[in-house]
Each structure stands twice: as C-alpha cells, then as structure tokens.
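> Guided by the hints, dock chain B onto chain A, whose structure is given.
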Amino acid sequence: MEKFVKYSSTIIPIDRSNIDTDAIIPKQFLKSVEKSGFGGNLFDTWRYLDQGEPGQDCVGRPLNDDFVLNHDSYHDGRILMSRENFGCGSSREHAVWALRDFGIRTVLATSFADIFFNNCFKNGVLPVVLPGADIDRLFASDQDEGPVEMEVDLARQSLTTGDGRVYRFEIDEFKKNCLLEGLDDIALTLQHAGDIDDYEQRRARQVPWLFRDLD
Amino acid sequence: MTETTLYDKLWDAHLVRQSDDGTALIYIDRQLLHEVTSPQAFAGLRENGRRPRRRDTNLAVADHNIPTKNRSAGITDPVSRLQVETLDKNCAEFGITEFAMSDPRQGIVHVVGPEQGITQPGMTIVCGDSHTATHGALGALAFGIGTSEVEHVLATQCLVARKMKNLRVNIDGRLPDGVVSKDMILAVIGMIGTSGGAGYALEFAGSTVRDASMEGRLTLCNMAIEAGARVGLIGVDSVTIEYMRGRSYSPQGSDFDQASQAWLELQSDPGAVFDLEYNLDASQLRPQVTWGTSPEMVINIDDVIPDPANAPDKVRSQDWSRALAYMDLIPGTPISSVVLDKVFIGACTNGRIEDLRAAAAVVKGRVVADTVKQVLVVPGSGLVKKQAEAEGLDQVFTEAGFEWREPGCSMCLAMNEDCLEPGERCAATSNRNFEGRQGYGGRTHLVSPAMAAAAAIAGHFADPAKL
Numbered sequence: 524m525e526k527f528v529k530y531s532s533t534i535i536p537i538d539r540s541n542i543d544t545d546a547i548i549p550k551q552f553l554k555s556v557e558k559s560g561f562g563g564n565l566f567d568t569w570r571y572l573d574q575g576e577p578g579q580d581c582v583g584r585p586l587n588d589d590f591v592l593n594h595d596s597y598h599d600g601r602i603l604m605s606r607e608n609f610g611c612g613s614s615r616e617h618a619v620w621a622l623r624d625f626g627i628r629t630v631l632a633t634s635f636a637d638i639f640f641n642n643c644f645k646n647g648v649l650p651v652v653l654p655g656a657d658i659d660r661l662f663a664s665d666q667d668e669g670p671v672e673m674e675v676d677l678a679r680q681s682l683t684t685g686d687g688r689v690y691r692f693e694i695d696e697f698k699k700n701c702l703l704e705g706l707d708d709i710a711l712t713l714q715h716a717g718d719i720d721d722y723e724q725r726r727a728r729q730v731p732w733l734f735r736d737l738d
Numbered sequence: 005m006t007e008t009t010l011y012d013k014l015w016d017a018h019l020v021r022q023s024d025d026g027t028a029l030i031y032i033d034r035q036l037l038h039e040v041t042s043p044q045a046f047a048g049l050r051e052n053g054r055r056p057r058r059r060d061t062n063l064a065v066a067d068h069n070i071p072t073k074n075r076s077a078g079i080t081d082p083v084s085r086l087q088v089e090t091l092d093k094n095c096a097e098f099g100i101t102e103f104a105m106s107d108p109r110q111g112i113v114h115v116v117g118p119e120q121g122i123t124q125p126g127m128t129i130v131c132g133d134s135h136t137a138t139h140g141a142l143g144a145l146a147f148g149i150g151t152s153e154v155e156h157v158l159a160t161q162c163l164v165a166r167k168m169k170n171l172r173v174n175i176d177g178r179l180p181d182g183v184v185s186k187d188m189i190l191a192v193i194g195m196i197g198t199s200g201g202a203g204y205a206l207e208f209a210g211s212t213v214r215d216a217s218m219e220g221r222l223t224l225c226n227m228a229i230e231a232g233a234r235v236g237l238i239g240v241d242s243v244t245i246e247y248m249r250g251r252s253y254s255p256q257g258s259d260f261d262q263a264s265q266a267w268l269e270l271q272s273d274p275g276a277v278f279d280l281e282y283n284l285d286a287s288q289l290r291p292q293v294t295w296g297t298s299p300e301m302v303i304n305i306d307d308v309i310p311d312p313a314n315a316p317d318k319v320r321s322q323d324w325s326r327a328l329a330y331m332d333l334i335p336g337t338p339i340s341s342v343v344l345d346k347v348f349i350g351a352c353t354n355g356r357i358e359d360l361r362a363a364a365a366v367v368k369g370r371v372v373a374d375t376v377k378q379v380l381v382v383p384g385s386g387l388v389k390k391q392a393e394a395e396g397l398d399q400v401f402t403e404a405g406f407e408w409r410e411p412g413c414s415m416c417l418a419m420n421e422d423c424l425e426p427g428e429r430c431a432a433t434s435n436r437n438f439e440g441r442q443g444y445g446g447r448t449h450l451v452s453p454a455m456a457a458a459a460a461i462a463g464h465f466a467d468p469a470k471l
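Protein chains in written order, with this note's numbering: chain A, 524 to 738; chain B, 5 to 471.
Because the hints were derived from the structure by calculation, they are not lab data.
Using N, Cα and C, we set each Cβ at its ideal position, and we do this for glycine too.
Just so you know, nobody snuck in bad clues.
List of simulated lysine-lysine pairs, DSS-like, C-alpha gap at most 30 Å: (1) B/Lys167 <-> A/Lys558; (2) B/Lys93 <-> B/Lys73; (3) B/Lys377 <-> B/Lys470; (4) B/Lys390 <-> B/Lys377; (5) B/Lys13 <-> B/Lys167; (6) B/Lys377 <-> B/Lys73; (7) B/Lys93 <-> B/Lys390; (8) B/Lys470 <-> B/Lys368; (9) A/Lys699 <-> B/Lys167; (10) A/Lys526 <-> B/Lys167; (11) B/Lys13 <-> A/Lys699; (12) A/Lys558 <-> B/Lys93; (13) A/Lys526 <-> A/Lys558; (14) A/Lys558 <-> A/Lys529; (15) A/Lys699 <-> A/Lys529; (16) B/Lys390 <-> B/Lys73; (17) A/Lys699 <-> B/Lys169; (18) B/Lys169 <-> B/Lys13.
Chain B stretches covered by chain A per the calculated footprint, using a threshold of three residues with CB under 8 Å from any CB of chain A: (19) 31-45; (20) 73-86; (21) 199-211.
With the rest of the complex left out, here is chain A (with noise of 0.2 Å):
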C-alpha cells in the first residue's frame, strides 16, 4: 500500500448526511473483477445525466453542472467533506477504490459507517471524524468565502486551512502506523501465526464441532 504522506489540497464539500455507498459506487459498476478502474464512476448518479454501464468510456458523457465534482475550482480536489453516517449501507470496498482512483485521500465527516471506516484504511484513504461545529465552519467559510484548501498532516493528526486555522483529530495508533507506513496488514498478522495455532489447537479440543470440514 502506497504511504500516507502531507499534502495540501482543496475540499470537495458534499452537503449532506447518510451518502450510501451505492451512491459513491452504484452497483453496475461492482460487476468488475479489478480493484482500480473505479475513479470515472466515482458518484455516477450525481456526476453525469445520463445513466452509467461498465466498460463505458465517461469521457463525454452528459455532465450534471450542478454537482460539486463538476465545478472547475473543485474538480482536483483530493480531500472529501460530508456530514453525519458517512460511507453507510453496503460494505462494497469499490466505494473506496472508486474514491483512491479519484484521488482522494481523505475524508471528513461528523461520523462514519463502521464497515466504509475500516475498509479507508486498508486502501490508504484517511476517514477522519470531526465535531459538528468544525464541519459547520468549513461548510460555512466554503460556502461564503470560496473554496477551502487545506493541509492533511497524519503524522501531527492536524488539518491546517488557509487561514491558518489548525483543526486536531484523533486517530487509531495501529490504523494511524499502518498508513503512514503503507503496511500491509495480513503480514502483520501473520508475524502472530503461533498465536493462531494456539488459539485452534486449544478451540478445537473444547469445540470440536467448529473444526468438521465443510466438504
């Protein structure tokens, strides 16, 4: 996994709660057997006026003007916003491949579904939670003042705008580790095989019924 470094970008903001991930990646698309490919799609009911199919070239396909991603000042912009239950619904990862194939490596939002949370991290994409007022701020000083950009540090769990204004953010140790280092998390576990052999040998001997082969 490629590492999580600094960089500044503008905010792509999304204003509104429970985005679903069949909006981020509506289902034609998870027809696909790839991990990347995604990035064209990326919100394809909202982008486009026409109606999307895999394999399609979305190179002169109908654009909505009124959606965000389509406005010049927006449309490189590599950090998301959006409000409350963010990534909910499915747990299709090709939400987050569609958004890393986009470009985006962060997301912020006043809270996320649990399984789109996980699924960021394993595809170098940051999720970061945010209170209510500060998403309210940025929303806020995007709507008045224009497009927001900001400086994404993982390593100081800082945002920096523009205006100089430092929001902090929590973040997992582990999940923050394997980001900034581009870890690959099954070798990690696999560091703890004799920690799984114990683990069946003694499961097996008290639950023996959990260990009958399937076939």
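Chain B only, in chain A's frame:
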C-alpha cells in the same frame, strides 16, 4: 464474577491476542463468500503466494448477479457471467466448497447459511456483505467486511478489530394483527436512526423477540446494519436449539448434545450492563412503510408524508426535501394513497418460507391490481423454493398474476436484469431504499411481506389486516 453481555462472551471466546494499543486479533470460525466481493481477495492471495489457512471452513455461493429466470440459458450479461465464473474458478483452485448456480441448495448467502446449519451459535462469521448481521439471530457474532478483510480472513483466519460497545433494544408486548418482525425493525430504525447503532453490537431482547420464530429473528438482525450496527444479536434459547437440530451441517449425534449445552450459555447475563438501551412497545406498532431514501425515513401505514419544515434540524430538513423530490412525493399525502408500479417479495430480509407464507396468505384468491405492472416473488434459496412449491404457494402467487422466480438477490439491488425503470415506484420487502438501489431512477418503499402482497392486490399501500 462480572456479568457480561452476549457480545462480550462471543468476543472473549474468539480473542487470539490483545495488543496494548487496544486492537485485538479475533479468530473467525466461518467465512461466507459470494461473487461480487471476493474476486479481488482471491487475486490478492495469488499475487502474494498465499493459500487459505482453513479452506474447509469457507462456503461460497453466487447470489448477487445471477438470473432468476431461464437459468438453463446461463448468464447472458457477459460481465456478470465473468464474475460468477471467476468465483467458480477461484473455489476450484483453492479447494473451497461452493453451491453452484445449478445446485438445489443455491440461494442468497444469508438464507443458505442458517438453512444449512453452516451458521451455528457461538461462531464468528464474516462475509463481504453488510447483511451478514443476519446470522446473529442464532447467537453468532456475525458481521460484514470489505474485500481486503475477506482476503485477510482467507489468509489468516483472523481479523484485526477493536471491541465494539454494547447496545440493547428491548421489545416487549404482543404484536397487533398484520404487524411482523419487519415492522419491528423498521420501527427500531425510525427510532434510533440509521447511524444510531454505529460502533455498537446491537442485541435484540424482550418478550416479543423471545416469542418470534427464528425466521422473524433473522429479519430483525438482518437490518441491524440499517440502524448503523454492524452486528445484530439474539441470545440462544430453545427456538435456536430446535432450529439447529437436524440441519445438513449442524453438529450430529453426541456433537449436537455437547454443542447445544454450550449454545444455551450464549445469552447476556441478567445484570449485564449495556452502554446504551432503548425500549419499544410492540403492542403499539402499526405496519411500517418507508417514504424516503434512507431506511430511517419511515412512517405508519396510517400516517401522511412528513413535511421537511417539521424536520428536527436544518441538515435533516434538506435531506428530507431531497428525498421527497427524488421519491416524487408531496408532504401531507396519506401514504396509503401512494400508487405502485411494481412489487418485490424476497431478499435476505424476507425471502424465507415464513415470509412467502405470509404473503401468500394475503394473496390467496385475489389478483394483482391492473395498475401494477409486475410482482416478483423470489425465494431466498432453492430449498425455500422447493418447500413453497410443496405447499402450493407458487400456485397461489401465479394465479394472482405474480411471477415465481429462481432464488437470488434479484431486485433488492438489481445487479441482474430484475430492476425498476426510471421513475417506477416499488413496494419491496428488501432492506434499502437508497436512490437507484433497485434500478436507475427507481423509487423504493420498504415494507413487510404481508404489506407487499396487500399493496400488489390493492395497487397502493394498505394495511394487510384490513384488506
């Protein structure tokens, strides 16, 4: 001894290793796989030269994008076909048991697991699907994961996790006529909101839950995720034990006796403390219908469409307005007057035999309304289908003008050809009413099987008890 919750017990029994930073390595007893969220996980194994740690504890079944009619013709959509064939190949290569499309046991993964006894009390169960919460009805710790974690479990039989908090919803009282488990869970979601259970394991308790059949319990836990909770749970009792008895993959003989003794311990202790608790009076419930594009946007059959001006805050007011525009509904309209184009009965929420019986009981001797273009009845598995046919339910449905289909996820998420056309309105027994969920521009209202059947007959939403 400290009194603990069911979730605490399941967690403790699966703890392989606790780290100082609060993360833990948790052992996973069973993984269920389907075609949509597994291909990249198998590819990851291959790229890294890894093999499944316990291939024999995985079960694969294709359900999301397989056709529900003309099965003998195969899958016509080449992209869907490739995905299902990829699952077949991966299972063959890695030695994983698969119920193929032609297998009579094939069906929706969350219907097949319990039905086969592959889901067992006390297990940890994962699947690359958020509705894995379903299996918690049997006292298993079951939750949905992403594809990276599917690969992680295949490779290590473990997950890195943090313990969740404990939430309990107590449901007491006798359900009125025409009100079922689906109405209970929709009411719970309406009460606590779609993020109300985020970060929690949600246990359902109380006399109404105890009185519920296993199928009703599976419906409750299925939609825990729509209340934000990744885990749904119900303590083991005699209903659970009797359900497990004699299933194909249930423990047999003395194994079963030993197992059922252990399973009966899987309950929250009477004095266990929950981080958060809610109570719901089942006797006051009415049949539920969602009106918007989030499952928390739900009202009683007797209610009118709400006005965004009355929303609790500005953000919600905007969300309601957007939902009403998408759903093409006007505040103040009685929900019972809303007219439907299609009806879908099925899904991992309500595709079990009891659901089909409830729908058939409403339909018997009646016919579909002229204005309703299509009613799909999609059994949750091949065995549910067979049972329904043995009881003559398929006849009841087809005589009423409903279509009787092959098992799969079908129009719950419309990855196959079963879908809504833009602007069409559907009463669905599934679990999500998100924009475009059942098809581009489609409008979904979530209801119980009896309400779906009543709506198909009446042409609009109707209280099944009053039809």
